[in-house]
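**Q** Sequence:
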Amino acid sequence: MNHPDPRRRFPRSARVRTSAEYRVVFDAARRCSEPLMSLHWRSAPHPARLGLAVSRKVDKRAVVRNRIKRVLREATRQLLPWLAPGDYVVVARSAAAQASGDQLRQAYLRLLRRAGALPAQAADGTMPPPLRPSSPTSTSEPASG
Numbered sequence: 001m002n003h004p005d006p007r008r009r010f011p012r013s014a015r016v017r018t019s020a021e022y023r024v025v026f027d028a029a030r031r032c033s034e035p036l037m038s039l040h041w042r043s044a045p046h047p048a049r050l051g052l053a054v055s056r057k058v059d060k061r062a063v064v065r066n067r068i069k070r071v072l073r074e075a076t077r078q079l080l081p082w083l084a085p086g087d088y089v090v091v092a093r094s095a096a097a098q099a100s101g102d103q104l105r106q107a108y109l110r111l112l113r114r115a116g117a118l119p120a121q122a123a124d125g126t127m128p129p130p131l132r133p134s135s136p137t138s139t140s141e142p143a144s145g
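Read in UniProt numbering, the sequence shown has 54 at position 54, and its numbers run on one by one without any break.
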């Protein structure tokens, strides 16, 4: 069996794992919702951690529930460097079972932005992209003197 590159795995340290940790997030957290899922979050001093709640009410087939979790874990893994510190728990809704991976990712990103966990995305066409300063080279600088 091929094992994925361990550097690309979703790290255990980035997971909400115990029922007590889930309970703290559900009891003390803020929440926002989309038709596919809801996000519960609370600020914390440690790096961002993700918890997933995808019950049999979403779909009785484990393969469907696991696909939802895989898509959300991978999206979080890619976003970890930009996520604000804290605990995030995603609760999937039954509509998530019929959603594509891209629809799940987009709904998740919208929730994270609404929660303030990610920087807001600029609307297309409102401002030009920032200019990057070019690095000076020895041939392009005038001689001083």
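Think of the hints as simulated: they come from the structure by calculation, not from any bench.
Predicted, not measured: the structure shown is a model, and the values here were computed from it.
A portion of the hints provided could be inaccurate.
Per label pair, the in silico range of CB-to-CB distance [stated by the list, open to error]:
1. P85 x C32: 28 to 34 Å
2. V63 x Q106: 28 to 34 Å
3. A84 x F26: 16 to 22 Å
4. A20 x Q106: 30 to 36 Å
5. R77 x Q98: 31 to 37 Å
6. G116 x A62: 31 to 37 Å
7. V24 x Q103: 26 to 32 Å
8. A20 x K69: 27 to 33 Å
9. R56 x W82: 21 to 27 Å
10. P119 x N66: 16 to 22 Å
All residues carry an ideal CB built from backbone N, CA and C; glycine is no exception.
**Q** Does each hint fit the structure? Answer for all of them.
**A** Quick rundown of the hints versus the structure:
1. P85 x C32: 28 to 34 Å: 18 Å, violated
2. V63 x Q106: 28 to 34 Å: 22 Å, violated
3. A84 x F26: 16 to 22 Å: 19 Å, holds
4. A20 x Q106: 30 to 36 Å: For Q106 against A20, whose Cβ atoms are near 32 Å apart, the range 30 to 36 Å holds.
5. R77 x Q98: 31 to 37 Å: 24 Å, violated
6. G116 x A62: 31 to 37 Å: Because 33 Å falls inside the window, the suggested range holds.
7. V24 x Q103: 26 to 32 Å: 30 Å, holds
8. A20 x K69: 27 to 33 Å: 20 Å, violated
9. R56 x W82: 21 to 27 Å: Given a distance of about 33 Å, which is not inside 21 to 27 Å, the answer is violated.
10. P119 x N66: 16 to 22 Å: Hint violated: Cβ distance 30 Å, outside 16 to 22 Å.
Of the hints listed earlier, those the structure fails to meet are numbers 1, 2, 5, 8, 9 and 10, in rising order.
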